[in-house]
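Participant: Sequence:
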Amino acid sequence: MTKIEELTPRSRGLELTVQVVEKLDEREVTVRSSGRQHRVAEFLIGDETGSVILTLWDEAIDKLEMGKVYLLKNGYVSTFRNSMRVNTGKYGSIEPTDATMEANTENNVSEKFVEDAPRRF
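For the sequence shown, the numbering used here begins at 1 and goes up steadily by one.
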């Protein structure tokens, strides 16, 4: 089990237990290659060691409730505008759990400057 304070820009195969703190943003985007419309939302999630932004797409957005605790499996970190984000991607999942915790929002690792990784083509 990984803790948020241990995340790096290249973290992969993550298993995190996190509390949803806040929904930050939701918007519609169009994928250039397919022209398809998608919903994208960002949430602030945290554990006892820190907090980070989670990016979710489409139906996954509606699964989360503020204040609830979830187990995120097979997640990964990406960088966007020099900021780390956690993602589930098509191979990851986020499921509710009975665990309780209080998220540490003082150590927001998404606020720390990181070099954007070069895009893979």
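Keep in mind that the hints were calculated from the coordinates and are not lab data. Ideal placement from N, C-alpha and C gives every residue a C-beta, glycine not left out. Just so you know, not all the hints are guaranteed correct.
Keeping only pairs whose Cα atoms sit at most 20 angstroms apart, straight-line, the calculated SDA-like set for lysine to any residue is [as the list claims (entries may be wrong)]: (1) Lys112 - Lys63; (2) Lys90 - Lys112; (3) Lys63 - Arg39; (4) Lys63 - Ser93; (5) Lys23 - Leu64; (6) Lys68 - Lys112; (7) Lys90 - Met101.
Estimated spans, in silico, between C-beta atoms of each pair [stated by the list, open to error]: (8) Gln37 - Thr100: 15 to 25 angstroms; (9) Gly67 - Glu15: 31 to 41 angstroms; (10) Gln37 - Thr8: 24 to 34 angstroms; (11) Glu65 - Lys112: 19 to 29 angstroms; (12) Ser33 - Glu106: 19 to 29 angstroms; (13) Gly35 - Glu102: 39 to 49 angstroms.
Participant: Each hint: holds or not?
Facilitator: These are the hints, each one checked on the structure:
no.	hint	verdict
1	Lys112 - Lys63	violated, 28 angstroms
2	Lys90 - Lys112	violated, 26 angstroms
3	Lys63 - Arg39	holds, 13 angstroms
4	Lys63 - Ser93	holds, 11 angstroms
5	Lys23 - Leu64	holds, 9 angstroms
6	Lys68 - Lys112	violated, 25 angstroms
7	Lys90 - Met101	violated, 27 angstroms
8	Gln37 - Thr100: 15 to 25 angstroms	violated, 37 angstroms
9	Gly67 - Glu15: 31 to 41 angstroms	violated, 21 angstroms
10	Gln37 - Thr8: 24 to 34 angstroms	holds, 33 angstroms
11	Glu65 - Lys112: 19 to 29 angstroms	holds, 27 angstroms
12	Ser33 - Glu106: 19 to 29 angstroms	violated, 40 angstroms
13	Gly35 - Glu102: 39 to 49 angstroms	holds, 43 angstroms
The structure fails to meet hints 1, 2, 6, 7, 8, 9 and 12 from the earlier list, while all remaining hints are met.
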